[in-house]
Amino acid sequence: MGSLNTIVGVSLVYVAFLFAVAFAAERAAKKGRGNWLNWPVVYTLSLSIYCTAWTFYGAVGYAARSGLEYLTIYIGPSLVLFGWWWGLRRMVRIGRTQRITSIADMISSRYGKSNFLAIAVTLLAVIGTTPYIALQLQSVTTSFAVFAGTGSDQVDLTATALWVAAGLAIFTILFGTRTLDSNERHYGVVMAIAVEAIVKLFALLAVGVFVVWGIADGPADILTRIESSEISTWQIKGGRWAGLIFLSAAALLCLPRMFQVMVVENENEDHLRTASWAFPAYLMIMSLFVVPIAVVGLDLLPAGSNPDLFVLTIPLATGNESLAMLSFLGGFSSATSMVIVASLALATMVSNHVVMPIWLSATGAGGASVSGDVRSVVIQSRRLSIAAVLVLGYLYYRLSGGGSALASIGLISFAGVAQFLPCLLGGIFWRGANRNGAIAGLAVGFILWAYCLLLPSFGTGTFLSAEVMENGLFGLAWLRPQALFGISGLDPLIHAVLWSISLNTFAFFVVSICGIPSPIERLQGAQFVNVFEHSSRAPTWTDGTAKSEDLMVMAQRILGAREAQRVFEREANRQGIPGLLPEPDADFLQVLERELAGSVGAATAHAMIGQIVGGASVSVQDLMAVANETAQIMEYSSQLEVKSDELSRTARQLGRANEKLLQVSDQKDEFLSQISHELRTPMTSIRAFSEILRDNDRLSNREKRKYSGIINTEAVRLTRLLDDLLDLSVLENGQITLDQGRASLREVIEASLDAALNHTEVKLKVIRSRRDEEIMLDTDLDRLSQVFINLIRNAQKYCDADQPELQIHTYESDGVVTVDFIDNGTPIPDGAQEIIFHKFSRVNPQKAGGAGLGLAICREVMHRLGGEVSYLPGQGSTAFRVTLPQQLKIAAQ
Amino acid sequence: MSKRVLLIEDEPNIIEAISFILSRAGWDVVTHSNGHDAIEAVQNRQPDVVILDVMLPGRSGYEILTDLRAQDETASLPVLMLTARGQTKDREMAERVGASLFMTKPFSNGEVLDAVNQLVGA
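Line order of the protein sequences matches chains A and B.
All residue numbers for the first sequence refer to my numbering, where the first residue is 403 and numbers rise by one.
All residue numbers for the second sequence refer to my numbering, where the first residue is 30 and numbers rise by one.
No lab work stands behind these hints: they were computed from the structure.
Idealized CB from N, CA, C, for every residue including glycine.
Heads up, some of the hints might be wrong.
Residues from chain A that keep clear of chain B, each with C-beta distances beyond 10 Å, as calculated [stated by the list, open to error]:
1. I760
2. L801
3. I896
4. T1052
Cβ pair distances, simulated, as ranges [to be verified]:
5. B:A54 - A:S1272: 27 to 37 Å
6. A:T1121 - B:G115: 12 to 22 Å
7. B:G115 - A:S1272: 30 to 40 Å
8. A:S1050 - B:A104: 50 to 60 Å
9. B:R33 - A:D1184: 34 to 44 Å
10. A:T1139 - B:D143: 46 to 56 Å
11. A:D1099 - B:S105: 33 to 43 Å
12. B:N73 - A:G1233: 24 to 34 Å
Listed next, the in silico BS3-like pairs over lysine-lysine satisfying Cα-Cα at most 25 Å (straight line) [as the list claims (entries may be wrong)]:
13. A:K1199 - A:K1108
14. A:K1062 - B:K118
15. A:K1070 - B:K118
16. A:K1165 - A:K1199
17. A:K1062 - A:K1108
All chains, please: the whole structure from these sequences, using the hints.
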């Protein structure tokens, strides 16, 4: 047990050293003296958490079992870093511009900041990572056990595992949650894992050198030993190699801990440039002595020894305690660095996407009663999450019994997180990718992964019965976990990866194509896919003051600049800080939230502040961008709508105006043409007969009289025409002055009959009732008489009955007087009943004495008198109706 | 044997005036005063010249002339068109339908006489 005490002591000293390193790094960073923290080499070394205890111990075991296949685990990441440098740079740039805090944040942020997606990814990451953490605990405890020589003492082992887990939790909590920095950088942790990276590399190299030159006689001897060992008989299986390389490459991108060190902790994009060659080099050196150690171990140690522990057992077996100690520290470093970063990454996800939303909605309901520092809540939830993740890992370790070979768990875990790959890459490179597609792909991928790989890994009978393994779920042969769709004979791991990843990708694409992304998804999609256009320069991480500035920017947008500045100044004064930017403490946030709630509602205000202060899953710029874009789109579209309405209205108006102009123009042409005709016709007769009278001396007196008479008649006709035209023009322009007088309707009718029928040869019989006509009128009597005369003359002129007669009916009702003129002639045909009121229209031109202006003038006159004259159909003869108000209202003209 | 002119015109005073002038010059003047059966009048009276007013009751002078020009017997019959509308488009219309001469009212008596003489003399 002495060596166990020694190893515990060494471990504690080593841990203390790590604490010191982390503490020094934190202090240096805080004082701004930590330039060396930003060296690309530190970044590269931090990436080495990819090499966990599984790689440190397991690679040798892997080589002992499967030959060079262990190399695939190194080839995949090397290919990605070396060959896909530009893609990683894109990821890092997006991570920094969008202030991404984890892979769950990355995916949810891309797909419209979907919290559902964030929670899903978080849970899946926890499921995928927990076995891996258990694996590290197991490797540490096993290595303890090897030193103690009590390899089978389970009680001791579980106790050790518990202590290790607790120690790791404390370290992670101390250095992972010291500060709540929205950019999620942890200098202490990064520095510590960089140191651990050196320790594990050095330890493995030391064992390797010892094996090659200490036990064997140099490289040549090793080569001959390899030739003679069974490792050399091992052959490359192409499919499995390709599958494993793909898997490890995917894991580098998707593992939460790798995302943490590669994207979240990245200080400078250019570090990737160094890492692109330095990290593959690191991996190559790590893998250099794996085969020699495996071969020598197989030679040296008794058959049945666990090859996973050769790195430890070879030095121990050869009595080289201090080398074994170094080797132990290497393995310890590998395990602890992985657990620290993984639990930190998971805790960030759990805290940001599960705990905080729950806390916000739980306390947010209380509105103003919210008390306490949001930041302290975040830190507490982080700490709890770290502890919870480690407890989960420990429980998994206890439950799984630590029995299965290390490597298989590692690969299962890889395959699990590799399910993030389609929606992660799709989100970065394809704008058409949407949230539903991501959810569908993840769901399909994880269900297949769990069914084909995870559940069977617990052994037949644990979760899946032998019946299911043999005959498929529900007895359906095509649902056999290791031979889906009837394709059997594949390696179970490759089978699971092939189906889960390909169907995941398929579901992701198909659902994305079928759906329409929401506005915020489109916005985020554009910012992710075109990240290099959107950010000409990678922005620097912001500090606490910038957070206040962010709040200020947001508050100004919502409250207006003056009001926001007033609030901020008041709060800064209260805190005793000069200027406009108070510390974002709980009281200030509460005040600000209340102010904002007045404008945008409590829930939104809460979410907005929570998002800025509580770990920034959505940045202010994003909110602004969304708000601006939405506002712009709405404004633009409403402007467009108004414009197009306006345009079509204007177009309609123009169309109507044009139509009217054309009509007016046509009417004017027609009118001029008519006037010309009406003037030229009498003038033709006058000219012709005046020439006849002038040129013919021998005309009889009768002829002379007749022709002179014609000239006279035509001259009168011309005069009347001109009178009518002038009268009509005056009436139409509304320039007449009405001469209001008072008389009975009877008097007006009698005067009109007298004027119309005097001196005419044709006798028109007039039938009327004087009694009915005793209606007093107050109107322009002369104008009314003009209308009556016109109607009576028309009857006299055009009535074609043998015994022409005219009935005049009158009555009054509600102050409206109606006068009907009904003769016994042929009725005017339907089509002409309205036309006769048009200028120059005549029903029977041959009998026309006038120019066809009579009725047009009548209509104008009646309009002036506030009444109407119209044809009265249905009388079996020609009939006109005149209506007018008994009392003319001057104002009504 | 004197030449026959058919005057298709609805204004009684103008009929009288033109009849007087042309009769004095030795023309055999026949008249017709509506558009409805003007074509039949032309066919029945077999005139050497037609004087055709545009504004006629029933049918316009343009329609009548169009029909006359469409028939073989009257396709080349000399026609003098009279109109009281003095606009350019009326003259164009008359030319289009095939008027031999076109005259705007009011005209001098000498002009009408010259016109009909020219139409038969040519």
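Hints versus structure:
| no. | hint | in the structure |
| --- | --- | --- |
| 1 | I760 | holds, 88 Å |
| 2 | L801 | holds, 106 Å |
| 3 | I896 | holds, 93 Å |
| 4 | T1052 | holds, 33 Å |
| 5 | B:A54 - A:S1272: 27 to 37 Å | violated, 51 Å |
| 6 | A:T1121 - B:G115: 12 to 22 Å | holds, 21 Å |
| 7 | B:G115 - A:S1272: 30 to 40 Å | holds, 35 Å |
| 8 | A:S1050 - B:A104: 50 to 60 Å | holds, 54 Å |
| 9 | B:R33 - A:D1184: 34 to 44 Å | violated, 54 Å |
| 10 | A:T1139 - B:D143: 46 to 56 Å | holds, 52 Å |
| 11 | A:D1099 - B:S105: 33 to 43 Å | holds, 39 Å |
| 12 | B:N73 - A:G1233: 24 to 34 Å | holds, 32 Å |
| 13 | A:K1199 - A:K1108 | holds, 23 Å |
| 14 | A:K1062 - B:K118 | holds, 22 Å |
| 15 | A:K1070 - B:K118 | holds, 15 Å |
| 16 | A:K1165 - A:K1199 | holds, 11 Å |
| 17 | A:K1062 - A:K1108 | violated, 48 Å |
Checked against the numbered hints given earlier, the structure breaks hints 5, 9, 17 and satisfies all the rest.
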